[in-house]
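**Student:** Sequence:
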Amino acid sequence: MKLAVFLVGPPNAGKSTIANILADLSESIPQPRPTNGVRILEFERSIVLQDGRKAQAKVLNAKVELWDTSGDDRFLPHWAALSSAAQAAVFVYSADSKNDKDLEKWAKSFPNVKETQMLVIGHKLSGNPSSSKPRLGKPLSKAPFQATSNQDPHSIKNAFDMLLQTAAAAVSAEESQMFGGATP
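The opening position of the sequence shown corresponds to residue 1 in UniProt numbering, with each subsequent residue numbered one higher.
Note that these hints are calculated values from the structure, not bench results.
Quick caveat: nothing in here was measured; it's all calculated off a predicted structure.
Each residue gets a CB set at the ideal place from its N, CA and C atoms; glycine is no exception.
Please note that the accuracy of each hint is not assured.
[Said to hold, decoys possible] Here are the in silico distance ranges between beta carbons for each label pair:
hint	residue 1	residue 2	range
1	N36	S176	17 to 27 Å
2	T116	S84	27 to 37 Å
3	P153	A81	28 to 38 Å
4	N61	G127	33 to 43 Å
5	S176	G127	37 to 47 Å
6	K138	L76	17 to 27 Å
7	P77	K114	22 to 32 Å
8	R74	F179	33 to 43 Å
9	Q177	S84	12 to 22 Å
10	N36	Q56	37 to 47 Å
11	K101	Q56	21 to 31 Å
12	N36	S84	17 to 27 Å
Working from the sequences, and respecting the hints, build out all of it.
**Tutor:** See below:
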């Protein structure tokens with residue numbers, strides 16, 4: 001199974017740092033630089049899916065395409081074409097500067113992604129994560145929230161893995177419907 005996940009949000013929110021953590025890249029980004037357009041990272045992840053009908057779990061090896069996107073508004077017009085490929089989206093804002101105001105604008109660029117396949121991350125570059133979820137309207141009001149920091153990469157990976165499980169279950173269900181109950 002292939003899952004395309006977009007990492008989006010305002011500039012200087014920590015998206016590239018989070019992308020490196022998720023892709024297990026050892027390179028750190030000491031002085032963040034703006035991403036020019038998009039950077040696509042590919043890696044594999046094992047996902048455990050619960051089969052409600054059979055009450056058993058199924059392990060899938062998913063090929064993840066993580067789209068680390070620029071937060072620059074000049075790229076926003078291109079999002080409609082790109083976002084149609086997404087099975088999930090992670091909306092990142094800097095908890096240090098509280099730049100969560102435009103997250104809803106970004107989320108509206110993903111009309112085919114359900115709230116359950118979205119994740120909001122309030123990221124701090126240093127110190128302990130802040131645990132308060134910002135007040136967000138649709139389509140992010142019911143999306144899961146995770147406070148993270150560079151000091152706690154496990155919280156980033158755990159939240160991402162839960163998002164992948166939800167996205168994989170949705171893709172699997174869509175494929176099952178498309179192929180009349182049989183998976184391809």
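**Student:** Now tell me if each hint is right for this structure.
**Tutor:** Verification of the hints:
no.: 1; hint: N36 with S176: 17 to 27 Å; verdict: 39 Å, violated
no.: 2; hint: T116 with S84: 27 to 37 Å; verdict: 18 Å, violated
no.: 3; hint: P153 with A81: 28 to 38 Å; verdict: 32 Å, holds
no.: 4; hint: N61 with G127: 33 to 43 Å; verdict: 36 Å, holds
no.: 5; hint: S176 with G127: 37 to 47 Å; verdict: 44 Å, holds
no.: 6; hint: K138 with L76: 17 to 27 Å; verdict: 19 Å, holds
no.: 7; hint: P77 with K114: 22 to 32 Å; verdict: 24 Å, holds
no.: 8; hint: R74 with F179: 33 to 43 Å; verdict: 41 Å, holds
no.: 9; hint: Q177 with S84: 12 to 22 Å; verdict: 19 Å, holds
no.: 10; hint: N36 with Q56: 37 to 47 Å; verdict: 45 Å, holds
no.: 11; hint: K101 with Q56: 21 to 31 Å; verdict: 44 Å, violated
no.: 12; hint: N36 with S84: 17 to 27 Å; verdict: 22 Å, holds
The earlier numbered hints that this structure contradicts are 1, 2, 11.
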